[in-house]
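Visitor: Fit chain B to the supplied structure of chain A, relying on the hints for placement.
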Amino acid sequence: MPTLMINGQSREVNAPPEMPLLWALRDILNMTGSKYGCGVGVCGACSVLVDNQAVRSCLAPISTLVGKNITTIEGLSTDNSHPLQKAWIELDVPQCGYCQAGQIMNAAALLISIPKPTDEDIDNWMHDDVCRCGTYQRIRAAIHQAAGG
Amino acid sequence: MPIFTPSTTGLPTHSETSFLLGMAATGIGFVVSTISTHSEVFMIQPEQTALSNEPNVWVKIDPDGTTTITINRAEMGQGVRTSLAMIVADEMDADWSKVKVRQSRAGTSDAGAPMTGGSGSVSGSYTNLRRIGASIRSVMISAAAKKWGVSESTCSASNGVISEVNGSRQITYGGLTDDAANITPPSNPPLKSVGNFKIIGKRIPRVDNADVVSGKAIYGLDVRIPGMKYAVMVRQIALGASIVSIDSTEALKVPGVIRIENVANVGLVVLADNSYAALTAREALKIQWNMGYNTSLNSSGISDKLRAGFTKLGDLPTTTAKIVEAEYQLPYIAHATMEPMNCVADVRDTTAEIWCPTQVGDSALSSVASATGIPAANIKFNVTLMGGGFGRRLYAEYAPFAARISKAFKVPVLFMFSRKDDMSSDYFRPASFHACKGGVDAAGKITGIFHYTANGDNSTYPPYAMPQPRLSSVNVSLPVSVGAWRSVGHTSSVFVNECFIDELATAAGKDPYLFRRDMLTNNPRLLAVLNKAAELAEWTKPLPSGWGRGIACTNAYSSVAHVIEVSVSPIGELKVERIIAVVDCGIAVNPLGVEAQMEGAAVDALSTAIKAEITVEKGAIKQSTFIDYEWLRINEMPKIKVHIMPSSSSPSGMGEAGFPSVTPALCNAIFNATGIRVRSLPIQNTSLSSANSPIELDNGDMNVFPSPFTTSFTVQGQVVNPTTSDITFSIQNMLGLNLLDLQGKLTSVGEFSQTIDFPRATTGVYFLTVKCGSKTITRKVIKE
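Heads up: the protein sequence lines correspond to chains A and B, in order. So in my numbering, spot 117 of the first sequence is number 117, and the numbers just go up one at a time. So in my numbering, spot 303 of the second sequence is number 303, and the numbers just go up one at a time.
Simulated from the structure, these hints should not be mistaken for lab results. Keep in mind the model is a prediction, meaning the values are calculated, not measured. The reader is advised that the hints may include incorrect statements.
[To be verified] If you anchor each label on the Cβ, the simulated ranges turn out as follows: (1) N30/A x Q743/B: 43 to 49 Å; (2) E164/B x N52/A: 55 to 61 Å; (3) T78/A x T710/B: 51 to 57 Å; (4) Q743/B x V40/A: 21 to 27 Å; (5) Q9/A x S712/B: 43 to 49 Å; (6) P591/B x N69/A: 37 to 43 Å.
Positions of the beta carbon are idealized from the N, C-alpha and C atoms, including for glycine.
Bound-form chain A, shown alone (with noise of 0.2 Å):
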């Protein structure tokens, strides 16, 4: 049964090791906010942190995260205060929502490895991420008021 340290917590996880990281924590701890949209790697509304890095979290076996650091959108921040997420709410990104924790998450990701990314570097992190509903450009208007600029 492994052990994963999600959101700053040691969780145990009582799944098969090849369980992707998406299922063990939809399905597993009843953490819905990383969804499922294609399984496959595709969409990116599956988009989780291990180590600060965007992982999809629906090709991620939990056998191989173990040991590692986890941060899904509920560990993001416990009251919104994450600049993305209020920047989000501030610039009125979502529209149905649902990829939405993907980009974010994956967002947060950017910001760790390009604190002031151009629209540029925007586009070239984020590209992998499907939103159906089309919020692409307040995305990037998110992006920047969050990093501040």
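Guide: Here is chain B on its own, set in the frame of chain A:
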């Protein structure tokens, strides 16, 4: 008349007195009443059942001022939970910071869940919701006046507080709940003048944002109830295919699988402890299929069938100086909501509870009742947030599926479609064929238009003053399920109409904007929108070489015009440079939401215009996920400028209005840039390179074969005066999105040869780029 019943389930329980107001809309206006007692909460049921289409909203005010507004239209991203609550809150003079929104359950025990669609929520509810709000304001004023022993005319309401005019007394709505309970609300309260709106017209972020960005928002797939199991089903692998035999030996070995059985009126179902086990076991099933009768059906055959019935169109008047004939084709497109179809069902012997992301809660409740034999009154049907709708969730077949599975296996279940299931068993926007014929006279005026369609829509009348178009249509029977897709028939009719008008403008030798403008003199609202779009786009300002500008407008849902600027490189790379969108939707209840709908609908339209299509191969839907059904990505996203025309008219719908005129404006812009009329979507299937475009050979040259290719091709070429032997190969789509990167080496004489596998992308035009130091060579490659 309303029926007063004690509330047992309708609203959150509370121990202190709250003020509740419900409204039943009847055929003769509306009836409003309120009762609140100290021990028991009452609310009003509409005379008609909740299956009626009338809005039916409850407002609850707690002593601390918390104002809970129940909304019975479903949220799929269109912002309806925010905009409808804003309408009520404004007329109430509520304190918006204290407003909470509650989602009504389907059925008659609550405010119901009538159909959410047709861009009708705001436009259809506007007046009734205002009356509800105004009634509450009136009750609060009466209650304060009575409490203070003053005339109502000396009391005014603002921001959830009643103030005594020329006095110092103030009391919050929360402080008036006891007093308000004894006031009979007026049946016809005065509504505010538009100039007095304080919340309507404000840019208000949507009410669910905080839950969305913290991961707390509950969509259908996020419902977790005690003892719940997870279920998926086997969908047919081709249209009309059926299962001959199943070997579930391996599938049953997957850890967490509980059972694999046929469920009547559903199909073969895998039940498991978690989604992963269910999905994995389903993949492990060995199924022998009877492929059915459609194995020879493919997309080109469908195109042929759609075209087959067309012979010719009628004759134009003798005054016609020039005749234009054109044929247009649109493919099937999928809804591809981010959240696949799903439903949670807990069916017991005589009762059930359902959690479902659906646009049609009331009718889904009826189908669950029929499927389970449990009366609707004994079924608690919760409508969750939807991870996108776009019309897909007007068909809630997944709700009775979930209920039947729960009933059969006697457990609560989350039933879901995988992404592939969701895409292959969609109700697609129909593929259609259109033939148009039109003429202009010597003065450049339209003499007549014919529009024939197979399986498309031509019933949307173009908004122009011209001879009435002569329409004909046929419906070709095909085994592909079709249904409503955002803006429905307008996806085809406005595309064809606005492209064909552009073709007639060209034939008339007229500017496409002025040609439209001169035919809109009797349509001042759309004319103003069109003029504004041209003004904001600086229509007459010259564009750089290789750029083009296109325009289109429509009265679908709201009055909308788009101007789009594109650039097209000599080898056919397309870039959408910017979009100007102008809309007159009457009063914009929430401009932030109106802009969001215009921005999002433009992404839908660009995606389906340029890239996304559903194709059929050997009787099966070929696409399965966002790799082969490609949606616009952030780096393909042009800047969109939305302008909302100021208006005090009643609001019209915005969920769909932003879609229809984008596609024709884009195709018209491509024509302006290249002289190429794209008449078949997606655009990616048409090469936009000018036939005789010069190829820059200073950096080198290369050949690609075979061309077109299916899954791989070989490229051979040479770099002129290379400064390094390291080269990279990359493939971009038509919009420049990089899809593949490979490293390679030059030979000693600067030559290269590489075989490149590119199996996954959809068909169409792509670009191969070879980079060597600062030198770049790009060539078009075509995938079949």
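Visitor: With reference to the structure, classify each hint as holding or not holding.
Guide: So, going through the hints one by one against the coordinates:
no.: 1; hint: N30/A x Q743/B: 43 to 49 Å; in the structure: 44 Å, holds
no.: 2; hint: E164/B x N52/A: 55 to 61 Å; in the structure: 58 Å, holds
no.: 3; hint: T78/A x T710/B: 51 to 57 Å; in the structure: 52 Å, holds
no.: 4; hint: Q743/B x V40/A: 21 to 27 Å; in the structure: 25 Å, holds
no.: 5; hint: Q9/A x S712/B: 43 to 49 Å; in the structure: 48 Å, holds
no.: 6; hint: P591/B x N69/A: 37 to 43 Å; in the structure: 42 Å, holds
The structure is consistent with each of the numbered hints, conforming to all of them.
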